[in-house]
Amino acid sequence: MKKVKVLILRAAGTNCDYETQFAFELCGAVVDRVHINSLLAGRKDKIFEYDILALPGGFSYGDDIASGRVLANEIKNKLSDRIRKFVLRGNPVIGICNGFQVLVKMGLLPDPELFEQIATLSYNSSNKFECRWVYLKIEKKIKNESNCIWTKNLPNVINLPVAHGEGKFITKNQKILKSLNRNNQIVFRYSTKDGNKPAYPLCPNGSIQQIAGICNIKGNVFGLMPHPERYIFALQHPARECCADKKYGWGKIIFQNAVDFVE
Amino acid sequence: MISTNDCKVIKIFNLSDDQLVELSKNNALYLSLVEMQAIQCYFKKLKRDPTDVEIETIAQTWSEHCKHKTLTGPVDYTEISPVLSYKNSGVKKDSNSSHITYTTVKKRYDNLLKETIFKATVELNKKWCLSVFNDNAGIIDFDSKNGVAFKVETHNHPSALEPYGGAATGMGGVIRDILGVGLGAKPLANTDVFCFGNPTTKISKIPAGIHHPKRIMSGVVSGVRDYGNRMGIPTVNGAVYFDDGYMANPLVFCGTMGIIPKNKIAKKVVSGDFILVVGGKTGRDGIHGATFSSARLESKSDVNAVQIGNPIIEKKVLDAMLKARDLNLYRGVTDCGAGGLSSAIGELGEKTGAIVYLDKVPLKYDGLHPWEIWVSEAQERMVFAVPPENKEKIIEIFKKEDVEAVVVGKFTNDEKLTIMYNDNVVVNIDMSFLHNGVPRPIRCAVYKIREEKVQKPIKMGSSEILKVLKASLSDLNVCSREWIIRQYDHEVQGQTIVKPLHGNGIEVSGPGDAAIIFPYTVVKGTKKGIVLANGLNPQYGKVNTYKMAASAIEESLRNAVSVGADIEKISILDNFCWGNPNNPEILGSLVRAAKACYDMSKAFGVPFISGKDSLHNEYSMKGKKYSIPPVLMISAMGIIKNVENTVTMPLKAEGNKIFVLGVTRNELGGSVFTKIKNIKNGIIPDVYPKESKIIMKKIYHAISKKLIESCHDCCEGGIAVAISEMAFAANKGVKIDIDVIKTEKVDLLTAVEILFSESNGRFVVEVKPDNQAEFIEIFKGSIFSEVGYVMDEKRVIFESKKNGIYVQEKPEVLLNFWRSTLTGG
Numbered sequence: 001m002k003k004v005k006v007l008i009l010r011a012a013g014t015n016c017d018y019e020t021q022f023a024f025e026l027c028g029a030v031v032d033r034v035h036i037n038s039l040l041a042g043r044k045d046k047i048f049e050y051d052i053l054a055l056p057g058g059f060s061y062g063d064d065i066a067s068g069r070v071l072a073n074e075i076k077n078k079l080s081d082r083i084r085k086f087v088l089r090g091n092p093v094i095g096i097c098n099g100f101q102v103l104v105k106m107g108l109l110p111d112p113e114l115f116e117q118i119a120t121l122s123y124n125s126s127n128k129f130e131c132r133w134v135y136l137k138i139e140k141k142i143k144n145e146s147n148c149i150w151t152k153n154l155p156n157v158i159n160l161p162v163a164h165g166e167g168k169f170i171t172k173n174q175k176i177l178k179s180l181n182r183n184n185q186i187v188f189r190y191s192t193k194d195g196n197k198p199a200y201p202l203c204p205n206g207s208i209q210q211i212a213g214i215c216n217i218k219g220n221v222f223g224l225m226p227h228p229e230r231y232i233f234a235l236q237h238p239a240r241e242c243c244a245d246k247k248y249g250w251g252k253i254i255f256q257n258a259v260d261f262v263e
Numbered sequence: 001m002i003s004t005n006d007c008k009v010i011k012i013f014n015l016s017d018d019q020l021v022e023l024s025k026n027n028a029l030y031l032s033l034v035e036m037q038a039i040q041c042y043f044k045k046l047k048r049d050p051t052d053v054e055i056e057t058i059a060q061t062w063s064e065h066c067k068h069k070t071l072t073g074p075v076d077y078t079e080i081s082p083v084l085s086y087k088n089s090g091v092k093k094d095s096n097s098s099h100i101t102y103t104t105v106k107k108r109y110d111n112l113l114k115e116t117i118f119k120a121t122v123e124l125n126k127k128w129c130l131s132v133f134n135d136n137a138g139i140i141d142f143d144s145k146n147g148v149a150f151k152v153e154t155h156n157h158p159s160a161l162e163p164y165g166g167a168a169t170g171m172g173g174v175i176r177d178i179l180g181v182g183l184g185a186k187p188l189a190n191t192d193v194f195c196f197g198n199p200t201t202k203i204s205k206i207p208a209g210i211h212h213p214k215r216i217m218s219g220v221v222s223g224v225r226d227y228g229n230r231m232g233i234p235t236v237n238g239a240v241y242f243d244d245g246y247m248a249n250p251l252v253f254c255g256t257m258g259i260i261p262k263n264k265i266a267k268k269v270v271s272g273d274f275i276l277v278v279g280g281k282t283g284r285d286g287i288h289g290a291t292f293s294s295a296r297l298e299s300k301s302d303v304n305a306v307q308i309g310n311p312i313i314e315k316k317v318l319d320a321m322l323k324a325r326d327l328n329l330y331r332g333v334t335d336c337g338a339g340g341l342s343s344a345i346g347e348l349g350e351k352t353g354a355i356v357y358l359d360k361v362p363l364k365y366d367g368l369h370p371w372e373i374w375v376s377e378a379q380e381r382m383v384f385a386v387p388p389e390n391k392e393k394i395i396e397i398f399k400k401e402d403v404e405a406v407v408v409g410k411f412t413n414d415e416k417l418t419i420m421y422n423d424n425v426v427v428n429i430d431m432s433f434l435h436n437g438v439p440r441p442i443r444c445a446v447y448k449i450r451e452e453k454v455q456k457p458i459k460m461g462s463s464e465i466l467k468v469l470k471a472s473l474s475d476l477n478v479c480s481r482e483w484i485i486r487q488y489d490h491e492v493q494g495q496t497i498v499k500p501l502h503g504n505g506i507e508v509s510g511p512g513d514a515a516i517i518f519p520y521t522v523v524k525g526t527k528k529g530i531v532l533a534n535g536l537n538p539q540y541g542k543v544n545t546y547k548m549a550a551s552a553i554e555e556s557l558r559n560a561v562s563v564g565a566d567i568e569k570i571s572i573l574d575n576f577c578w579g580n581p582n583n584p585e586i587l588g589s590l591v592r593a594a595k596a597c598y599d600m601s602k603a604f605g606v607p608f609i610s611g612k613d614s615l616h617n618e619y620s621m622k623g624k625k626y627s628i629p630p631v632l633m634i635s636a637m638g639i640i641k642n643v644e645n646t647v648t649m650p651l652k653a654e655g656n657k658i659f660v661l662g663v664t665r666n667e668l669g670g671s672v673f674t675k676i677k678n679i680k681n682g683i684i685p686d687v688y689p690k691e692s693k694i695i696m697k698k699i700y701h702a703i704s705k706k707l708i709e710s711c712h713d714c715c716e717g718g719i720a721v722a723i724s725e726m727a728f729a730a731n732k733g734v735k736i737d738i739d740v741i742k743t744e745k746v747d748l749l750t751a752v753e754i755l756f757s758e759s760n761g762r763f764v765v766e767v768k769p770d771n772q773a774e775f776i777e778i779f780k781g782s783i784f785s786e787v788g789y790v791m792d793e794k795r796v797i798f799e800s801k802k803n804g805i806y807v808q809e810k811p812e813v814l815l816n817f818w819r820s821t822l823t824g825g
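Line order of the protein sequences matches chains A and B.
At position 159 of the first sequence the residue is numbered 159 (my numbering), and the sequence of numbers has no breaks.
At position 649 of the second sequence the residue is numbered 649 (my numbering), and the sequence of numbers has no breaks.
Calculated directly from the structure, the hints in this document are not laboratory data.
Just to be clear, a hint being listed does not mean it is correct.
Simulated pairs of lysine-lysine, DSSO-like, Cα-Cα distance not exceeding 30 Å [unchecked claim]:
| # | chain 1 | residue 1 | chain 2 | residue 2 |
| --- | --- | --- | --- | --- |
| 1 | A | 152 | B | 524 |
| 2 | B | 400 | A | 46 |
| 3 | B | 399 | A | 44 |
| 4 | A | 78 | B | 400 |
| 5 | B | 524 | A | 246 |
| 6 | A | 5 | B | 400 |
| 7 | A | 246 | B | 698 |
| 8 | B | 524 | A | 46 |
| 9 | B | 400 | A | 3 |
Excised from the complex, chain B in its bound form (with noise of 0.2 Å):
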């Protein structure tokens, strides 16, 4: 090969490994030395130097974004916990901790995904998952003719950069998912949740070179708001958590879920089909996307990273892909995301090889150079496998809705990757280096289990409590998001049937659980739903990442049953988003999480069906470097086999009785509470999925059964927060007896410990007074009590005989702390 004007040579025979090191960052490859001597190797057998673009094809493939190496790769693991365990209680550790000894325990994952998270999805061999982690989302099985598919991907450098722009495009390209999976998903509804900083932080306490966290968020919503808008599906669920810690590094995931014909599942590359490019034109921009996602955040980041997104252009290629796909004019079609061409037609051509002339390529103005046509992640494209004999039909198809559709090659026999520029051959590599050929070295990782002490015993008067419970409401990470949902067209398409906010009218508004889609307009006569629920605690893996993904999991499965899902027919989706994983601690925390992802997945018998981790999110601030708090987040999808037998969150009607199920644990760790209060200590909450899953699977029975008027989760805040929440979204009265609320052991916790300790497992949910018998029956032999009734008078009371204590307040005052926090502005 020789260089041209458009396609250099680069001579890396004779590079030292500085030299090799040096290549890879001069040109933003943020590829390792062993990489690059692996890169290095592969072409002193073929006797030849690399080009630009197969140097270049090779960084994309092989970057973290899109090869997950540090997921999939070997990690050496030690734990060390400390002896005298605190498990199960919390009960009497006010010894001092300081000669506690430590036990360390050693594990070598080959490959960590495949060895937890998905080894539990093996196990599991759930018959209605019909395609998990093997393509651009996972699918479950809806009803005898359909699937439903699901996939949450994160875009947080793109939104910390461009606010707007990166998660216009991160809603753009998780769409793009789904309609690049099997032959083609239909999109129902869209997903979001956001991590920023305090959106009330003072200008001046903001670092040199980040935005303000109050321009990350209207950006972030609103470049959301305008992709999920204009493509006229819903955004039905979603979450933000607000914490310093994702300042200069916010997080925002954005998930689609779409419905599809079991019989468009599979896809099947011949050799001999058509390439063809459909959609957008390329540009420069999203140069390196996939590259740069590996990389430190800096105040000096390069803009031109981030894509450009138009919707409109993505809703014409879905309304005619979804013409073609029915026509059976194709028999293979992804997106391009991150790495763009090269990735798209690299995937869907690995095992037959491909031939590209990138000159065909549509080109939104002159002057690119072959590699980066290749790698542009120019936004809207999507790259279909076509039989040469449908070529016109399909082209015409694509043409009546005014789409561009190009032939740009075509999948060949010889298992290579082939390029073309003018004429001349600027790539030709082997499928198997580009796509087996990276290395795979050993990480390290270490955990520390931390102790945890319980706080020391909380006492309150009753306008104390009070106090704290409407400065809990108005906490950032409780209050009303409102603001953003009504921004969002959470009703297109017509089938949200449990929404976002949940009234008794059209006025008042609480917070749901969950959403529910009832896609009565793609499958006629049905009568099942889809319901759409998340969970995510990052205070817990502050201290402990197992119980904060274990939290998370439960608090997506609690979340769903709340609406009415069967926990029996749930999955879920997980999204890591980590620190840089070359530090062993960091990557520690991250394999104790993974952990309790196969641990909760294996014992509430929910599988994972799809997932992505997004690691490196650090950034640089005056030399020094911080990573962000880890998140585990857990989207949940459940299908609904009667959307009628459905409930929502706000009490129905005066007389009804009101329970509490399950157990309240001295667990104030991390919560709301001990952030407002400033109290430092407290035990995390733990999972405990026996007694949760049969709490789970009698709440679904109940509801089937019409038993439950209405249900809600407890979490952030605690039974005080759910019940007022309960209440302020009906504008009714409420009374409740604290006393009588189930602990784990009698007079352990003060009353104020039992209004805001945050253990999961728990459910509030009203029963009218005719159906109490026989709901007390299911539950029978599960912890749970009666704990009030619904009132004529517009009062909520939290009352404790025992400890003199009796708060109270009118609905309307607790509605309007929730709402007056996050105004948008």
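So that you can see chain A by itself, here it is in the shape it has in the complex (with noise of 0.2 Å):
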């Protein structure tokens, strides 16, 4: 069987890159990480010889202005109809934390039809950076529908780390908000162990109604602060729990999710 790749894509400042790799690897998937300098300069189509997307965790171009925002540009502005294609054929795409505030801000999220900037993720507000686990509550019903088909096999909670300082996710007003909620785009809300409503420090950053990732209508674009890369196993884990089988951690299941998806 011909095997699921991978694209990461990096820029200046790109930093979670190599466990990003190792993690779909372990899924089986064939990964290339792959500069931006160097996906623009290559052939056009590139892209399209990849199944999945990923645009991991780190500071590109030191977050200058603001948090993921000089990347969201030049993809905008240099890649704009080969992503929206990519996306919009279905193909599995995801933004971990700098990902993810690309993804928001250069608008392939909450909507990629529309491909504008209608949320942001802005300054925690604890108004510091914070490196800690998290429980995320599954929402259930796109659980039940499998809507974003990155978080299938998931129980209802699981825990995960969070590293950010800008990870406060805002809509740009309530219609949104409302929407996001109506078409189950809110995949990870911050809970507390038994799936309540958490306060600081548990919801880290101040998110309106705790999210912590959302994906599109279609499910296969998805975007979290959290950092599923960071538990691929057991002894990861600050308490070193593990998932069904003994090894592995919840952030695996994610990465087989999509690789799964694809084959």
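Got two chains here, separate frames each, mind docking them using the hints?
This is how it looks when you write it as structure tokens:
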């Protein structure tokens, strides 16, 4: 069988590319870490050689101006048609942390058809960088209807680590927030251990409605502030908890879902 | 040579001694008279006067920061010790000590470093030490294909003047040390240790001309955060120590550990190789940083000596250079740190010679004099030795990642340093004079060993003990560092499997002893891990620098062993931060600490692999000079065979047994307890390496056999604090019987002293009842005892039936005391 191919797009200041690559490879994919300069200089439709696109965490271009802003503009200005086509074809796309910020700021989330920025990720309410583990509640509807292809087979509440200074999710207006809820686009919310509404620090950034991750209506584009690539093995958990089988962490399931989806 | 607008010839032929000193002072060279005379003499031989570029080059190369003149120089050492030794017990020393006689021992060191620290490493001769004390970092064996490199630097003076920029570039600088070791290592983790004044000091009490410690702390933490986080390197281990001796002269230690293929450890610069300067442009920032580190801090110290950092440029250099490394495109590399291009090119070309065209160096802006370009410490620059045939290829690799790379000259075979600027020769001196011409004056050192007295027996009731326990937990030097730790991305790269804060879930957190990196993304299929830990206790050094050094070494080892490190596979790094070494007593205290380094390194069998000293940590206020309390900060790095066999410190399950391993002695000198109760006397904890090492070996054995559920070392605050931390980190109860804790002699210590003594060599461990027999079998022959158990009920209880003591508190209450002191703000 042909192996699933993943493109990890990196730029100056990208950090989490190696561990994200490892996570996809562990799930059976073939991964290329490609610098934006070489994607722009290379053949025009190089992106279509790949099945999955991942925008990893980090501080692209130093997060100058605002987190993810410069890379978002660069992709939108220089790759606009191709990236939109890639997304609308239904290819899985994931943006983690800085990648989520890029997806939101170029408008691929929450609505790639619109392709305009209608939400943002702003400074944490605590006004500082927060590196900690959180509980994430998987929205029931999404789970049942399998709207988001990335989050199947997860229990109601999982743990993942966050590490960001600008993670407070805000929509442009109430209408957009309502439509996100209505369309089952909210994938993860920060929660307590029992799935209830948390206070700081379990909601580490003050996101509206404790939103930690969202997807597009179709469910192929997924953006989240927490880092699933940092919980591939049980060993990475602070208390070494594992998912169903002894060795792995819940983060692995997320990458596996996308690879399985393509297959 | 002739003076031009850019480059001046400095007439020194006929200068008197006074004028030489004046010249050094006016140009911020920080060279002594003897050194200036050596320069004068050299140029008389050349029959010409030097240029300003030449003088600056020599001053930079000979600076304390680059040359470590004190530690590698000759020292006449005199040690004065009291005849009546308090050693071993400090038992019955309540006799009046005014009639004590002293003995004097003298010793001449030709090279202090080589005869103490380095000597221990040579004598230990560990096969797994791959590169020690001769590159930008020490390297030890990781597996058959890879080594791991570790380096810790200080950036004290810059951080005093400009806390954010100083700390950020401190981090950036030590990361470049790792990029510049061998042919370049990939950084896997950062460490940071700080010493500050008390952050709660009233503003009115802060002397003029210095920043408030709170401002220094928040600036330094932000600086390390912004550089480390943006580089994508997790900051996983560290410490903060508060003492008002660091009010005007804070200490900032930054460390980086990286992994390097074994076939990339050797550099070989060949005549004819191009000199390629890569990364940031050169500007006027950080001029005289190297020489400035020999200066005393004053209220008018020059902020221009502080560098300006840009982590994203360094990240681009890192990404691109590792590609070039793996394609074998260069033969040598080093970082531009203190002394800038002068230091980097001078070092790489020491054996060959080099010619440099300064006008080719990319500049941030016009108007720099040649000497400024040459010694500027502008950040994020690396220098490569590139074979001519690879020039285009390597420049192309950097260009693809938007990194500037420019050939500025080449390595020659004339063993001279030649520098051109706009077709004029501005430097032409011998490499041998530059690197070996510095005079080696003999320095005087004196150390008088102070007599220590046991405090009067301390007795307290239960409620007072509880009060002291709470005060200990919220003491600045014990309390939670969570406010700092969570601002650092300590999990980027995904490899931090033992984190700085430990809990049994994700919410409750206690202080971990050490961090473990599991480099699974770099070394595919490995099971091995790298443990990082540290130790320091400046409080002990105020009385006895030997014990301070010995305790710091043991503490770093205990921390590493507590998470599962093998004591036979640990290496250590020394960082000396001392006052002015021209003062014989200050230098004497340093010699005494260096002796402890030798003794402990040998006794524990742990080699030093790298180190750094920062001397001249003194400041003047209202005309008076003050030196900092000396610090020896020890960083430990160990290799763990199987990352699955590692433990954290929170208690794990009800019904498990608690053991204390090691002997509790009457050693409250310099302790948190005596500080809280304002007790002046007390014996400073000593180190008993034979006893300790056996226990450490046994712990490793027991952890490998999965017989230990949790483990925590006893340090500041003693057993009481250690056990409380293990309980509140897990939110579990524990009951401890003070009467069965093993002391050196029965009834020698009161219950309070047992709880709060800070004796070295002790661990608290948790063992499942099922494993108890096997566990005890392993520890047979060592001193240890079962002292209690983990309870269903959520209460921490310390009981002494003998003394009618029953101390109890909820773990969450203790947690809050520990958590509420340092909250940023």
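Checked hints:
1. A hinted pair counts as satisfied when its Cα atoms are at most 30 Å apart, and residue 152 of chain A with residue 524 of chain B qualifies at roughly 28 Å.
2. About 17 Å separates the Cα atoms of residue 400 of chain B and residue 46 of chain A, which keeps this hinted pair within 30 Å; it holds.
3. Note on residue 399 of chain B and residue 44 of chain A: the hinted pairing holds, with a Cα-Cα distance of about 21 Å set against a maximum of 30 Å.
4. Pair hint residue 78 of chain A plus residue 400 of chain B holds up; C-alpha atoms about 17 Å apart against a cutoff of 30 Å.
5. Proposed proximity of residue 524 of chain B and residue 246 of chain A is supported: the alpha carbons are some 20 Å apart, at most 30 Å.
6. Taking the CA atoms of residue 5 of chain A and residue 400 of chain B, the gap is about 23 Å. The hint holds against a cut of 30 Å.
7. For a cut-off of 30 Å, the pair hint linking residue 246 of chain A to residue 698 of chain B stands: about 29 Å separates their Cα positions.
8. For a cut-off of 30 Å, the pair hint linking residue 524 of chain B to residue 46 of chain A stands: about 28 Å separates their Cα positions.
9. With a C-alpha separation of about 28 Å, the suggested pair residue 400 of chain B and residue 3 of chain A falls inside the 30 Å cut-off, and the hint holds.
In this structure, none of the earlier numbered hints is contradicted; all agree with it.
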